[in-house]
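Chemist: Listed below, chain by chain, are the residues.
Protein chains: 2
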Amino acid sequence: MSTTRPSTRPAEAPQTPPPTPPDEPPTASGEGGGGFSRRRLLGFAGAGVALAGAGAGIGFAAGASSGGEPARDGVVPFRGRHQAGIVTPAQDRMHFVSLDLTSTDRAEVQRLFQKWTAAAERMTAGLETSENGAVGLNPYSPPADTGEALGLPAASLTLTLGLGASFFAKLGMADERPPALIDLPAFTGDQLDPNRSGGDLCIQACSDDPQVGVHAIRNLVRIGFGTTAVRWSQLGFGRTSSTSTAQATPRNLFGFKDGTNNLKAEEPQEIDQHVWVEPGDGPDWMTGGSYLVARRIRMHIETWDRTSLQEQEQIVGRTKGEGNPLSGQKEFDVANLAAQGADGTPAIPVDAHIRLAAAESLNGVKILRRGYNFVDGSDGSGHLDAGLFFVAFVRNPETQFVPMQRALANKDKMMEYLEHNGSALFACPPGLADGGYWAQSLFT
Amino acid sequence: MSTTRPSTRPAEAPQTPPPTPPDEPPTASGEGGGGFSRRRLLGFAGAGVALAGAGAGIGFAAGASSGGEPARDGVVPFRGRHQAGIVTPAQDRMHFVSLDLTSTDRAEVQRLFQKWTAAAERMTAGLETSENGAVGLNPYSPPADTGEALGLPAASLTLTLGLGASFFAKLGMADERPPALIDLPAFTGDQLDPNRSGGDLCIQACSDDPQVGVHAIRNLVRIGFGTTAVRWSQLGFGRTSSTSTAQATPRNLFGFKDGTNNLKAEEPQEIDQHVWVEPGDGPDWMTGGSYLVARRIRMHIETWDRTSLQEQEQIVGRTKGEGNPLSGQKEFDVANLAAQGADGTPAIPVDAHIRLAAAESLNGVKILRRGYNFVDGSDGSGHLDAGLFFVAFVRNPETQFVPMQRALANKDKMMEYLEHNGSALFACPPGLADGGYWAQSLFT
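Chains as they are written, first to last, in the numbering used here: chain A, 1 to 444; chain B, 1 to 444.
I should point out that these hints are in silico values taken from the structure, not numbers from a laboratory.
Keep in mind that the hints are not guaranteed to be accurate.
[Stated by the list, open to error] Some, not all, of what chain B presents toward chain A, calculated at C-beta under 10 Å: (1) PRO142; (2) ILE182; (3) PHE187; (4) THR228; (5) THR249; (6) SER308; (7) VAL365.
[As the list claims (entries may be wrong)] Computed beta-carbon distance windows for the label pairs: (8) B:GLY364 to A:SER381: 43 to 53 Å; (9) A:LYS330 to B:ASP190: 52 to 62 Å; (10) A:GLU416 to B:SER361: 49 to 59 Å.
A virtual CB, placed ideally from N, CA and C, is assigned to each residue, including glycine.
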């Protein structure tokens, strides 16, 4: 404080206060305080909004299935049989954070997950992190919410928690580690940066407004201070996959439609078979969960951009304009891997991306892709640092992601233009019952 | 190429072709080609869309004033008396690139600016970079457009060119360098990273869809290959200023409304006085132009978040909720720097940000702020690398930005939470007449 400005703060207010829990009870009503709410700013009922099912007994709220209902610019149910943000129609923007535990105290982590759950549920409903409002009720304490999402809608925010293998090791919970949560093998061509890989846990924030996603991650990181610290984080500015038939197929930074043949929320049997952990798959606590694979894939776009259209299309196996498989005419025509061109060669080349990644080339393996385009400034060598932050959800990474990535790493001609420099695998616990908290089945 | 896939490419197609000018004339109509257009995908008339005024004689097209007309999700006129992207209502997202010349050939740079102009005008109209369409007409050449914006609307894209002091030195044009394009002095506390500072020229892309802005920068960089190379680039995910009274005031990552008292497009006299270079201000070629100051300001948000609400509000000089000056009740109440609180001390503290930055504290200095929030991953020490990419436009940086920044750097209590690690200053030429090209007045 400058000596020229008389302070109105009480003497006991520390100059550099220790982190204050955002849920600190209010002690006074101060200037600018008073249960300020994002929704009130928007003309909705404010702090009094009741969260459906909050405080009720265990049980899934009706309609809160996280089952892929479109919810553009709206509220995606936070609770349900599965975590939201997996089959939820892919939102436009993403902020993903990998965190390391700075504590080995299991009970402390459990308490953190309870706090996180309360804040996450509020934020996905378009509210501030705590019932104390955006600025808090006590001017001598840090505000309960960091404030940058004030006035913004829920924007379809979803928050998805994942646990890395090292989580179980650090907390002495090796017996609870799912066998499917393997250490990913090295793949041909991997150039992994440890500062962009791994992590004890992760939170994926997806929303239609990037400020809403950034706000959510920042506030969860803040609540975790003392128990977790940021290991790496990644912004994605544009979705590269559709996870619903209601969505148009977006384009990746190679300029091609991406995810045409992705699993879709409207195919529940396929989703059950390939995405959700079923009873008997592993430890009971993971039933209803899924595994999240993250790969930061730098794309050498400058080299790609000097490649001929024909070469690009043969590498992908689809046309650049319409996005049809080279065996067909329309985007959603089923790729016919046996089709031949006029010269008797395969219409879809033998090393084309869509052939190698096709279920019929991989004994039926399918994955749910949910990645995002990124540009992270430049690389210092005259090029943009751009690419695809690949995110996929699978029922079992060992039998789904590993064989697919191995085939691509070894044979995909596209690999010439790619650099996998980040990699992580997380177990995403099942969804939250009413009154429950993230990963509760692991702790109880 | 794999030996197992017979190539259908002609023998003369090089395996690693040299960069092909995107405007290479078509030689054949190939698979997937054919004048594909972003607009055609959207159901608009396609490649035949005529650009208003294109090819007409010198003169400003009616209605193309770049004068701040709201154009949400629409097309912002590319041509006009001033460059677009300055008083244009601030779009939601930004991609900014600083480039260095890799050529010292003035005529080559002039030709590049002509090519850039043609591509930029098309992209701001929601079209591909060239009339050859998105994928080009020749499958043996690289596509004319990189493709990732196919199907996306114009999204209010603006592209704004700026020239750094080193531009004039490299091209032997020192006599043309405007005296106002100074070398910025060092400010107290500066921690500038040369890899985030300076640059021979810059292009600011603002749009309401980040993929549209990224696409534009990438394609301009591509067209510039051989003449320019990326020095640094910055994505901004959310605007932190309003430049029109029609816009709500957004919030920065300190959680406060930012730019409440900014210059607005609806105040043309103020804009003329503080933003546009007038005749007699400097070299004639800059008349109608402006100067762009860019500062990458890391915000130590974790420390800020541990600061009490009262402290935060006294540092800013406004409340966090409503955003009113501490001397008033409502956001747009004029800050009364002379107002006193009940205890006789200044209502707006003597070292508050809004006092130090106020025109009345700076002999009437005002600037047009047009910055963006950013999060660039993490810093490797457990924190997010987050902050404000400050962009301002001024008529004269020496008499406007320098005294303001000097006052803030020396006295602003907020500086404790900030780290200025990037800095650059560019001269933005005036707008483009019909048929003219970027910076034409400099070359002719």
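Chemist: It remains to establish, for every hint, whether it holds in the given structure.
Modeler: Taking the hints in turn, this is what the structure says about them:
Residue-level restraint check for B:PRO142 holds (minimum Cβ-Cβ distance to chain A is 6 Å; threshold 10 Å). Interface restraint check: B:ILE182 against chain A, minimum CB-CB distance 26 Å, threshold 10 Å, status violated. Interface hint at B:PHE187: violated, since its Cβ lies 19 Å from the closest Cβ of chain A, which is beyond the 10 Å cut-off. Hint status for B:THR228: holds, given a least beta-carbon distance of 9 Å to chain A, under 10 Å.
About 9 Å separates the beta-carbon of B:THR249 from the nearest beta-carbon of chain A, less than 10 Å, and the hint is met. Hint status for B:SER308: holds, given a least beta-carbon distance of 5 Å to chain A, under 10 Å. This hint is violated: B:VAL365 has a C-beta 23 Å from the nearest C-beta of chain A, more than the 10 Å allowed. Distance hint check for B:GLY364 and A:SER381: the Cβ-Cβ separation is about 45 Å, which falls inside the suggested range of 43 to 53 Å.
One distance hint, 52 to 62 Å for the beta-carbon pair A:LYS330 and B:ASP190, holds here, with the actual separation near 57 Å. One distance hint, 49 to 59 Å for the beta-carbon pair A:GLU416 and B:SER361, holds here, with the actual separation near 58 Å.
The structure does not agree with the numbered hints 2, 3 and 7 stated previously, though it agrees with the rest.
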